[in-house]
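Trainee: Chains as they are written, first to last, in the UniProt record's numbering: chain A, 1 to 585; chain W, 1 to 585.
It should be emphasised that the hints constitute simulated quantities derived from the structure, not laboratory data.
Treat each hint with caution, since some may be false.
Repeated chains share a single entry, so a pair holds when one copy, or any two copies, can fit it.
Said to hold, decoys possible - Derived EDC-like pairs: lysine to aspartate or glutamate, alpha-carbon spacing no greater than 20 Å straight-line:
id : residue 1 : residue 2
1  : Lys136    : Asp219
2  : Lys239    : Asp55
3  : Lys144    : Asp219
2 protein chains.
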Amino acid sequence: MHHGIGFIQDLAVVMAFAAAVTVLFHRLKQPVVLGYIAAGVIIGPYTPPFQLIHDEQSIQTLGELGVMFLMFSLGLEFSLRKLFKVGATAIVAALSEIVLMVWIGYEIGSAFGWSQMDALFLGAILAISSTTIIVKALSDLGLKRERFAQLVFGILIVEDILGIAMLVLLTGIAQTGQLSAGLAVITLGKLLLFMTVSLLVGILVVPRALNYVARTGSDEMLLVSVLGFCFGFCLLVVKLDYSIALGAFLIGAIMAESRHLHRIEHLIAPLRDAFSAIFFVTIGLLLNPAVLLDYAWPIAVITLAVIIGKLVSCGLGTFLSGQDARTSMRVGMTVSQIGEFSFIIASLGLTLKVTSAFLYPVAVAVSVLTTLFTPYLIRAADPLTRRLSNAMPATFANVFGMYGQWLRSLRTASGEPTLFGMTRRIILQIAVNLALVAAIFLGVSYGAPSAGKLLAQWLNAEAMQRAVLWSAALIVSMPFLVAVYRKTKSLALLLAEVSVQPATAGRFTSAIRYAISDLVPIVSMVGVFLLVAALSGSILPPTGLLIAVLVCAALLLALLWRWCVKIHASMQIALRETFEEQADP
Amino acid sequence: MHHGIGFIQDLAVVMAFAAAVTVLFHRLKQPVVLGYIAAGVIIGPYTPPFQLIHDEQSIQTLGELGVMFLMFSLGLEFSLRKLFKVGATAIVAALSEIVLMVWIGYEIGSAFGWSQMDALFLGAILAISSTTIIVKALSDLGLKRERFAQLVFGILIVEDILGIAMLVLLTGIAQTGQLSAGLAVITLGKLLLFMTVSLLVGILVVPRALNYVARTGSDEMLLVSVLGFCFGFCLLVVKLDYSIALGAFLIGAIMAESRHLHRIEHLIAPLRDAFSAIFFVTIGLLLNPAVLLDYAWPIAVITLAVIIGKLVSCGLGTFLSGQDARTSMRVGMTVSQIGEFSFIIASLGLTLKVTSAFLYPVAVAVSVLTTLFTPYLIRAADPLTRRLSNAMPATFANVFGMYGQWLRSLRTASGEPTLFGMTRRIILQIAVNLALVAAIFLGVSYGAPSAGKLLAQWLNAEAMQRAVLWSAALIVSMPFLVAVYRKTKSLALLLAEVSVQPATAGRFTSAIRYAISDLVPIVSMVGVFLLVAALSGSILPPTGLLIAVLVCAALLLALLWRWCVKIHASMQIALRETFEEQADP
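Can you make the complete structure from the sequences, with help from the hints?
Mentor: Put into structure tokens, the structure is as follows:
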């Protein structure tokens with residue numbers, strides 16, 4: 001046990017300095033996170049007295065685990081239910097914030113003559129606010145339960161999702177050097193498909209498994225199971241070329257639907273705190289104070305741009321979606337900083353070797369400055385609103401007031417909620433089932449090369465191998481195909497009912513209605529078949545075999561129709577149960 | 001973030017298998033620890049289908065952190081107060097167990113023709129029972145609150161301390177190839193000195209610092225501070241050539257005196273569980289099932305030896321220290337297994353490259369078997385006692401009964417508890433203060449080479465450097481030297497009072513008493529000076545300078561006498577306060 005002294009020394013240095021500096025920062029009433037970063041700078045290679053860390057690579061690896069635990073905790077706090085509640089406002093505000101900030105960042109980077117990739121990454125770095133800092137600041141100020149705080153949390157959730165999409169897009173752009181619209185759509189489509197399917201399958205499987213383990217009453221087994229799922233899912237995600245951050249966030253969101261959410265949060269908190277401390281210290285380790293002096297001017301400009309840009313974009317977005325001026329101002333002031341996500345994006349740039357070395361310290365410096373200002377900005381929101389409304393000309397104020405009223409009147413008058421709601425719901429269900437079918441065929445195609453090798457022991461002809469794989473995918477997706485057919489049929493019936501009125505169709509009314517409700521599903525299923533064939537191109541058997549497979553499938557379907565309906569229904573019920581179950585206090 | 005996939009994969013494999021197998025083992029009502037080991041065997045390199053771990057070295061390093069957290073938790077549960085309560089019985093039982101088991105192990109190893117070092121390590125491996133397994137088994141059987149369980153926990157605490165001494169001794173033997181009595185005494189003396197001083201200084205400093213941090217109410221900062229102290233102290237211990245296990249145990253025992261013990265235990269539990277899971281999995285990774293078949297015969301013999309040997313040694317030790325037959329049998333049956341400490345000793349042998357490769361798997365196999373038997377043995381204790389007492393001849397039973405009575409009568413009649421108690425207490429205080437003085441001089445000698453370099457900037461002559469260092473040590477140890485002098489004086493007074501009776505000394509009584517109480521301390525201080533001179537050989541200045549330093553010191557002492565007395569008193573009060581403070585619930 002005498003080897004690995006260097007590792008113990010590194011951990012001792014990191015933890016001891018982190019503890020001492022954060023306690024000092026706490027006395028100075030500054031956020032803990034800044035203390036970690038400062039500790040990292042002190043023990044880092046760029047500051048005297050000397051290099052205290054032996055094996056920076058090991059510490060970086062542990063820091064990456066810190067990112068994983070941070071994103072996992074974010075996921076645990078994410079809740080589909082909460083998202084549905086604040087919905088519209090959060091989406092409008094987050095979208096306008098991200099679009100504007102990416103643009104501002106890109107323009108500033110270009111104005112300073114930085115490379116296109118640096119400018120693009122700067123935009124991404126500025127886009128997303130820091131959940132950690134905001135939660136800390138709001139609870140310090142005692143504002144966590146206010147209405148605007150709920151809105152801010154909604155915005156942060158949407159930002160997290162969009163941020164993850166951004167990570168995926170940036171990786172794509174960095175690897176291909178460009179962003180074609182088609183590629184972006186395909187990339188985001190694949191991401192959406194992956195997220196939907198993982199959430200669905202995950203929520204069906206993981207909370208049940210954890211409930212089973214939790215019933216033993218052993219915290220140890222529950223923790224190890226949670227970690228097993230977490231690392232396992234992250235591994236799957238990494239193998240599919242997405243980031244660990246995405247995997248950790250998704251599996252966290254899946255576990256957020258477990259009944260034992262609070263126990264899991266308790267067990268994970270120490271691991272998250274320990275490893276995220278290491279992560280924030282590694283940020284300080286990478287920070288070269290000399291670079292900060294060289295880039296003092298850009299840092300000042302960017303800091304100002306973050307504060308004003310976020311206030312305007314997010315505040316205006318909130319206001320445009322129908323909130324009053326005071327709430328909008330408070331929301332805008334609260335999100336006026338960048339944090340952990342920015343570090344993740346900045347280190348992505350470094351890892352992919354597409355950004356310059358100065359971008360990382362600049363991002364850290366801007367984050368530190370904006371973090372320092374956050375509590376003061378939040379407190380300044382109300383006075384600023386009052387001063388603005390006093391200074392505003394009366395006609396202006398009237399127009400703003402009328403806009404709010406019009407928006408609210410619009411919302412109550414958005415007629416026929418029943419038909420509209422029903423249609424939306426059926427379409428959503430069809431989309432979800434189609435996503436599952438697509439995922440099954442894509443998954444089988446993905447695994448085809450290795451499955452083919454296995455099959456080669458019994459089947460020589462490649463065409464036969466394909467036929468077997470394709471049939472397997474077809475059988476597995478049968479319950480979902482049946483569901484798609486049935487939902488399409490009820491949608492067609494509903495639409496026929498509404499659109500074909502006796503007044504115009506006369507005595508053919510019911511005939512036409514029946515024709516529509518029979519025809520539409522069949523046409524749709526042909527479309528579904530074409531879609532599936534396109535997705536599973538690499539394992540689609542030749543025409544002859546394909547027809548044989550389809551005929552067999554049709555026979556099987558006739559036999560198993562009722563079983564398919566039943567299994568789909570029970571899955572749907574299980575999903576709904578998991579969703580509607582409240583977490584134990 | 002796309003590098004380090006191998007590391008994530010390793011963690012995913014370890015955690016997922018650990019979770020699955022332990023849940024299965026829990027269903028089969030077997031201990032979790034066995035599940036971890038089984039998971040390790042499955043994913044290990046010796047079993048099909050294939051090697052699942054990429055970078056065994058990284059996983060081993062994390063496993064070492066698991067040992068650290070395990071020993072740290074043991075330390076947190078260790079309590080000087082609890083130890084004082086069960087005192088005598090625990091010490092007698094643990095000592096007889098360890099001595100007998102080391103001897104049995106050594107004899108078995110020699111009988112199988114193994115090398116001397118293998119036989120010795122086997123003895124050490126068999127010596128110490130598994131706290132984890134025992135706590136688990138007793139709480140499963142609902143016996144944790146019984147009186148014999150308290151005794152068992154006391155025995156385990158003593159075993160932990162003796163086990164750590166054994167680790168140190170084994171390291172010494174392995175490095176020098178032999179055990180000379182003198183070396184053993186010096187090694188154990190140094191260990192005792194180091195433990196006493198760290199406990200004293202640690203209990204004065206660490207709980208106070210943690211209380212300060214805990215008052216912020218932030219679990220995150222408390223955790224990081226705990227980890228900072230833990231890793232920092234382990235680093236110090238490793239630099240002094242002791243093991244991380246010792247360091248973690250000691251710092252745990254120090255923190256056990258903190259008022260926030262329960263909060264600390266809560267925060268550390270997930271880290272301990274996660275990393276110790278990795279540790280136990282790495283034990284399985286190292287296990288080659290083929291070796292187990294080759295060594296089936298020794299494994300069977302050793303398993304039987306562990307069960308019978310521990311039952312006899314520990315049970316008899318308990319009985320001889322005055323417990324009744326039923327309690328003794330229960331204690332003996334409970335400790336009849338080996339566990340985590342055995343793995344630590346076995347891996348020490350591997351690390352030091354003095355034991356053969358087969359010893360580790362043999363130790364694991366014996367641990368697995370004895371762990372499996374533990375719950376059945378505990379339950380068999382009472383029936384066995386009854387059968388034995390029925391089968392025992394009446395005269396035998398009478399002798400046993402009389403032994404117990406005689407022991408109990410002895411205890412109440414062990415006259416003059418006041419004088420005896422007072423003497424013992426003063427001697428203890430003198431010993432503690434002497435230990436501190438010795439530690440100060442040893443510490444300064446240890447740091448002399450680097451301090452000398454620093455001093456060389458101002459002082460060229462080596463003799464002067466020594467004089468400065470020696471004076472510094474003398475000044476720092478002054479309060480403790482004064483305390484030694486004063487305690488010796490009061491001891492001498494006390495003894496003079498008792499031994500010199502007016503009946504024999506007549507009218508010289510008070511004169512002789514005064515002479516003794518003045519003479520003894522002065523003679524003792526000369527002895528202390530010789531001791532210090534011997535310990536600080538490398539920094540002892542030449543005679544001329546030494547006399548000068550001593551004269552200066554005497555002058556300083558005359559000036560600062562009262563201050564020395566005061567500072568020592570306040571340290572003593574602070575220590576007592578920390579001890580007497582109860583942990584928050």
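Trainee: With reference to the structure, classify each hint as holding or not holding.
Mentor: Going through the hints against the structure:
no., hint, in the structure
1, Lys136 to Asp219, "between (28 Å within a copy, 13 Å between copies)"
2, Lys239 to Asp55, "between (27 Å within a copy, 18 Å between copies)"
3, Lys144 to Asp219, "between (30 Å within a copy, 19 Å between copies)"
The structure fails none of the hints (numbered hints given earlier).
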